[in-house]
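K.L.:
Chains as they are written, first to last, in my numbering: chain A, 1 to 300; chain B, 1 to 346.
Just so you know, these hints were derived from the structure itself, not from any lab. For every residue, glycine included, the Cβ atom is placed at its ideal position computed from N, Cα and C. Be careful, since some hints might not be right.
[Stated by the list, open to error] Here are a few chain B residues that face chain A, going by a calculated C-beta distance under 10 angstroms:
id	residue
1	Thr34
2	Ile110
3	Thr114
4	Ala125
5	Val129
6	Ser135
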Amino acid sequence: MDILQLLIIGTIVGSIIGLGAMGLTLSYGVMKFANFAHGDFMTLGMFLAYVVISDLGWGTSPIGNFSFGFGLIPAIILAILGVGCFAIITDHFVHRHLRLRGSGIITMAIASLGIGIMLRAVIQMIWGPTAFRFTTGINTALTLPGDLKIKPDQIFICALTLLCTIGLYLLLYRTQLGKAMRATSDNSELASIAGIDTDRIRMATWGISGGLTAIAGIMLAMQSQLRFDTGFTFLLPMFAAVILGGIGNPWGALLGGLIVGITQELSTEWINPGFKPGVPFVLLIVMLLFRPRGIFGSSI
Amino acid sequence: MDHQYEKNFMAIPDSVILVTLIGATNWGVGFLTTVAIFAIVALALNLQWGYTGIFNFGVVAFFMIGAYTSALLTLPPPSKFESHILGLELPVLIGWFSAALAGGLLALVIGLPTLRLRRDFLAIATIGVATIIRSIANTTEGFVNRGSGLNGIPRFLDNFTNASDYKWVLLVIMIVMLSAVYFGLQRVTAAPWGRVLRAIRDNEETAMAAGKHTVSFRMQAFVLGGAIMGLAGALWAHRTGSISPTAFNDLFGTFVIWTMVMVGGSGNNKGAVIGALAVGFFWFGTPLIQEDLPDILGTRVFQLRELTVGLLIVLFLLFQPHGLIREKPQVSRFITKRKNMYQQLD
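Only chain A is shown next, with the shape it has when bound in the complex (with noise of 0.2 angstroms):
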C-alpha cells in the first residue's frame, strides 16, 4: 500500500491508542501503579456503548456521511460514567485498603491485574466470545487528492481525539482541580500537606482516567470491532505509548501513541503484518534501553 495512506491509517490507530495511553498514565502518574486492568476498562466502555447503540436501539438513523446516528452521544456518555464509576468502585473497595495498608506499587498493580481478569470473564459471561460491530451498514470511504482514502468515522476519530485532548488540557491547566492533580501527581505528600486532599483528587482521576479510557474504547470499536479482549490485547501498545511519553506525561502519551500507531502501521509495508503486534514491544524495549524516563521526562 502507499505509504501516505500508511500513515493516515497509523495516525487514525495513533489517535486510538494516545487518547487510552492519556488515561493511563494520568491514573499512573497519581497513583503511582502501572493499572493492568485498563485495557479491560478499555472494552466495558466499548460495550457500554454497544447497549445503548444495538441493544437499545437508540438514534441509529446514520448523521451525514457517518456510520452512526445521534444514538452515538447517549452510548458515550453512558460508557464515560460507567468506567469512570467502576474504576471509582474498584479503588474504593481494593486499592485504598492496600494504600493504607503502605502496600507497595507492585502489590497494587497485581491487584489490578486481578481486576482486569474478573471484568474480562463477566464481559464474556455477558456477551460471549463472539466478536460485534457498532453498525452493520458501509462507511464508504472519502478519496483524496492523490487517491488516498479515509472514512468520515475515521475523521471522527481523529477530531475527537484533538477535542478531548484540548478538554484534557483546560481541565490540568485552567482549572483548581487540574492544578491539585497535577500537584498530587508530582509530589502526593507534599500536596497532602498544601492542603488537598488526595483521596479527592485519586477519585477524580479515575473518573477522568476512566473517562478517556472509555472514549477510546468507543473508537476502537468503530475502527474495527468489539470482543471481550479487544482491550487486553490493546494493553501493550498503550503501555508502549506511556513510557515513550514518559509517565504521568499526557501530551507524552498522546504523542507516543501517535509514533506507536505510525511506526505499526508503516511497519506492514516491510514485515508480514502478523508481526504488527511486536512492533509497539519493540519500541518499548528500543525506548528503556536508550531513554528509560520517556521523550519528555516522567513524573515518578
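Given chain A, work out where chain B should sit, using these hints.
P.N.:
Just chain B, lined up with the frame of chain A:
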C-alpha cells in the same frame, strides 16, 4: 456415545462403579501429572517473584518457548503436509536441556533492558511477549507449522511399558522432575545466594549498600526461573504429544500460575507446590461438575472459573497476603546450629 452401549452401560451397576473407579484413577493420575508440571512453573515463578520480587507477567512465553524448542529438536523431519524447521530426532533429554537453555535465553533478552529499571517495567515488557511469540508462531511460514501446531512429539521412556500403563511412567517422571526442582530450589534459596535475593526483594538499597551487585543477582534469578519454566514447557510438550500456539494462552499459562503462587504463599517453595495443588484442583476439577451445576452456571463454567482466578488474586492480596503458608524468616541451617552452639557455651 452409542445408544446401545449406553443402555448396557446402565444395566450393569457393578461395572458402573468399576468404570467410575477406573475413571477416577485415570483422572487422578492425569491430574497429578499435570499439576506436577504446573507446580514446577509455580516454583520458578516463586523464585522470580516470591524470592526476588521480579514481576514476570509473561510466564506462558517461557513455557511456550521451552515446549517448542524441545518439540522441534526431538521430532522427525517434517512430512510433506507439515512445514517446520529442524526435526532432528534428538533424544528427549537433549530436548529438555535445550528447552531450559531457550527459556533462560529469553529471560536474558527481556531482562537486559528492563531489570535495571523500575520494577514494574519488566511486568509491562513481559505482558506482551507471549502475544508476540504466539503471533510469530501463527504467521511465519515454514517455522513451527503455524496454527496446525506440532504433532506426534515423541514420548520419554515410552518403550518401557505398554500404552495403557504409560500414564504411570509419566506420573513418576513428573514427580521425579518436580522433586528435583523443589529440592534444588530449596537448596539454593537457603544458601547465601537465596538470602541475597530476599534482601534485594525487601530492600534493594540496603542490599546494594552491603556490596551486592543487585542487578546481577536479579538477572540470575530471572534467568534461572526462565530456564525452569522452559523445562516445564518441554515436559508439557512431551506429555501432551501435540502443541499449537492457541493452547498457550495468558490465562492458563500466566494468570493461573500467579494465582497458585499468591494462594500458596510467595517466598516459600512449599507454598508454591501446595498452591499449585489447590488451584490446580479447582481449575481442572470445575469442568467435571459442569453437568451437575444448574444451567445458568453450567454453561458459563469456564468464565466463572476465570472470574474466580481473578477474585482469588484480589482476595488473597487483601485478606491473606502471606498466602496459605507463610514465608519462614530464617532459612539457613547454619544459623540454627550456631545459635545452639552459643547457647551451649552460655
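K.L.:
Now tell me if each hint is right for this structure.
P.N.:
Quick rundown of the hints versus the structure:
no.	hint	in the structure
1	Thr34	violated, 21 angstroms
2	Ile110	holds, 8 angstroms
3	Thr114	holds, 6 angstroms
4	Ala125	holds, 6 angstroms
5	Val129	holds, 7 angstroms
6	Ser135	holds, 5 angstroms
When each numbered hint is compared with the structure, a violation occurs for hint 1 only.
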